[in-house]
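Protein chains: 2
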Amino acid sequence: MMYIFIFINFQYNQIVITIDFSQRGSCSLTDFLYFQLKARILDGNLTPNQKLPSKRSLASHLGVSVITVQNAYEQLIDEGYVYSAEKRGYFVTELEALSSSDSGHSQMDRRKTTAFQSEQVFLEEGDLSNKTEGSIRTGKPKENLEEACLKTIINLQDNHIHHELFPFSLWSRLMRKVLQDSKERILSPLPPQGLWELRQAIASYLKTFRNMVVDPEQIIIGAGTEYLYSLALQLLGKNLRYGVENPGYLKPSRIMGALQVQWCPLAMDGAGITPQELEEKGINVVLVSPAHHFPTGIIMPIRRRQELLVWARSGSRYIIEDDYDSEFRFTGRPLETLFSLDASSGKGQQDHVIYLNTFTKTLTPSLRISYMVLPESLVKTFHQNLGFYSCTVSSIEQLTLARFIHEGHYEKHLARKKNHYRNLRDNLLFYLNKSSLASRISISGKDTGLHFLMEVNTSASSPQLQIMLKKTGIQVTFLNQYFHEIPKERGLPVLVINYSALKKEQIPVLVKLLEGVVNQ
Amino acid sequence: MMYIFIFINFQYNQIVITIDFSQRGSCSLTDFLYFQLKARILDGNLTPNQKLPSKRSLASHLGVSVITVQNAYEQLIDEGYVYSAEKRGYFVTELEALSSSDSGHSQMDRRKTTAFQSEQVFLEEGDLSNKTEGSIRTGKPKENLEEACLKTIINLQDNHIHHELFPFSLWSRLMRKVLQDSKERILSPLPPQGLWELRQAIASYLKTFRNMVVDPEQIIIGAGTEYLYSLALQLLGKNLRYGVENPGYLKPSRIMGALQVQWCPLAMDGAGITPQELEEKGINVVLVSPAHHFPTGIIMPIRRRQELLVWARSGSRYIIEDDYDSEFRFTGRPLETLFSLDASSGKGQQDHVIYLNTFTKTLTPSLRISYMVLPESLVKTFHQNLGFYSCTVSSIEQLTLARFIHEGHYEKHLARKKNHYRNLRDNLLFYLNKSSLASRISISGKDTGLHFLMEVNTSASSPQLQIMLKKTGIQVTFLNQYFHEIPKERGLPVLVINYSALKKEQIPVLVKLLEGVVNQ
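As given, the protein sequences belong to chains A and B, one line each in that order. Take 0 as the starting number for the first sequence in numbering that gives the first Met the number 0 and just add one per residue. Take 0 as the starting number for the second sequence in numbering that gives the first Met the number 0 and just add one per residue.
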């Protein structure tokens, strides 16, 4: 282990960057530098549009490699904290300006944060041995460590996965096997739909877990749901009128924007979008997530599902069913998919639903594997019109995932993961309910998927609350950000609590921080 | 090793499928079944629109698993030899009808092929130990084996790679390391441009090998060149008028068709497309492959490159430079890329070239990794308009490739591969030149990339020649198939000899077969 104690003051008109690397615990140099810089941006020690030192000079002053600095800067750029200007260097982004009533807090928080920094120790998710080593080495009480750890990294927004929840060594073993056994497949161009092995594994998974009867020939493998959305648009035709849920997942409409496809938002009642509005707005294709609407958590009841199918069948209309996190249903049996409802109908009736799902939520978001199940009548159209596209997922990963599913690991993995998230959710709800927030919050959409909504009875607006939380180190989005129009306040602020990246031991501190912000 | 001897006759109105699995050599059951079925389709034993046995019944009759049959059928479907009809089963595709003057050959060839089948042994590329075992076990002379092997599998069309040319064990080791060391990266969502490590590795590779000065921030990683083409179209705007080389690589125009983008073909002179036609046709964006035009092999001379840049700069115009196989230049130094020519110009002049390249040719086509280098002015536009897209390449493979490049393996791999292909090409040219074909053929475009053109002085048309070759077991495309209009004969037939999948020991037999077809 390398310890580096460096305190640097750049003189006159330059940034004072003081970083004590001895405090980095089990953090990598890059991660520690990144967290430190981010903390200084959030607490205002680094001010908007301030120029950061060049990668080379910061690296040489801190005694770390240029790559370390570059990686930290890169991460900050990716997250929007820093921007780079052509030939001029790196600068701090201007984050949303605080309202004037907030500036008092801002000053106070800044002092608090600065005072706190000398105590700061970052616990990053390394492997367990490292984490233990970190705690022992620094000799600080556990609570303090966690609080420090939380300072900048409670992320209730991204789909980050805990490393205990990804089967690294098993995955590694399967990949090695694939590289040994499937040389020919790996060296050949990919068929447009993806490899048969994976499509068969998915078909049998869908049979067992979603009660869907699907031929592997109906399945198209693609590098992420976004990519498959763009394929679906090309398949169905770009001159149609598409409808999206409002509020809802924003990416499909951004994709449609980028592809210049006509789309419009559809209002939701308690059961989802309404057939009336589909008719009124002359929609040809609608995108829905009936198993668990994002972000409201609405589960579309069977009656509305049937109404949607009736709508689709009364014309050459299509439903794109995004089943993105249906694997994590904690209460009751899953409802039949629109795809199955459609397929189980009489011949000539079916063929109106395209089903989409992903391994982002169940494995890891950086494994770019999603799939689309086409109704039989569209399979030929796919081959005729889009069969020239190569599949976008590498054969090594397709074959590894196929083995993972086929050998029963996926099933066990899902059970373990579901159990983990159920516990996490229960724990979080328990702490929230016994906290001083209990009387001021109202929870909904908690029975499926990895997020729920929390309405907060407060006089602060959503943006105010968001900034205050960000300054406390909590990254979270609000319901009003998922409307397709410019976000506006609709009643009380509603937080979208995505707990997939949360650690159990962070919960008490998270609730304490929420109390601090909401009750102040 | 399992040996299966099965001769089956389906009675009355059913297909007679006689497969002697003892002859499969080192072929897998699936591959052998696939080759056998394909041979019967090509030689006419299985006739167009004939129904094939169901997967289950063929499997049970042949004593193989349903999966074996399914995989073989799947492969045949992917290659277009078989189609499946909803609920009715699998059928033989109607291949291009032979012209009536050809039917005599057809009958003759069919008899020849059938007689030949009893001798047939398939050598598939397994690992070397298997191959040796196969030869010893069957006890046939090597020449005979090779000739048999060639019967259906000389592929001068696909980008298949020899397994000796992919570093399986090294790749496996690097992947294992990545899974051990980069847990955090693997569990986090991907930044839209791809991982910094890989972009940095590519930047330094471009510096060394293409003399291109590129910041990693200008690089976008994507799952295949096709995907990046679609991103580039979204980035530049879909209301522009795109121009493509004619003849040329057909996929970009198919993508533009699927995305409903306006495009038109541009005629080529000996130096490539002409600035005059760009002006005349009102093109805003042109797609070119100046390092090695596909399929003519034309290398765009510096003067034409400069003319193109002048054209681009005289308006808000762009050049998309596809540098797909420039790594394999066998003679002389590579010409400067359009991207570099553009970037080295005075400030305010540059920013008109998007550079594209891929690892398909240099590693394997099933590894879906390509990259695009944007001019600096487009980087911001990318983040603003398309920054919502997740990168389509999994982090495990990005990090593995980054290490592969960074640790110097890629450089060695390229050198080895280039050497292999140079030898292969020289050998093929040597055999062609000493054959009876020498006076009837004319070779061009052989100095770069993995294919060359071979014009043949014959009275047969391209389609006639193609069918005759296919029946001899040679899969090859012709120049006239790469025009954007309906293929028509333009002078003598010109074969596009893509030798990337060819094995050295196949060359004598290939040349003999070519002689047989051309001289008959």
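The reader is advised that the hints may include incorrect statements.
Copies of the same chain look alike in the list, so a pair counts if it works inside one copy or between any two.
Pairs of lysine-lysine residues, derived as DSS-like cross-links and limited to a Cα-Cα distance of at most 25 Å, are as follows [said to hold, decoys possible]:
#	residue 1	residue 2
1	K411	K182
2	K86	K176
3	K360	K417
4	K206	K54
5	K280	K411
6	K37	K206
7	K176	K511
8	K411	K360
9	K503	K433
10	K182	K417
11	K206	K86
If you are wondering where the hints come from, they were derived from the structure by calculation, not from laboratory data.
Hints and how they fare:
no., hint, in the structure
1, K411 / K182, "between (28 Å within a copy, 21 Å between copies)"
2, K86 / K176, "neither (47 Å within a copy, 36 Å between copies)"
3, K360 / K417, "within (11 Å within a copy, 42 Å between copies)"
4, K206 / K54, "between (53 Å within a copy, 20 Å between copies)"
5, K280 / K411, "neither (45 Å within a copy, 60 Å between copies)"
6, K37 / K206, "neither (46 Å within a copy, 32 Å between copies)"
7, K176 / K511, "neither (47 Å within a copy, 39 Å between copies)"
8, K411 / K360, "within (15 Å within a copy, 38 Å between copies)"
9, K503 / K433, "within (16 Å within a copy, 75 Å between copies)"
10, K182 / K417, "between (35 Å within a copy, 21 Å between copies)"
11, K206 / K86, "between (56 Å within a copy, 18 Å between copies)"
Hint compliance for this structure: hints 2, 5, 6, 7 are not met, and every other hint is.
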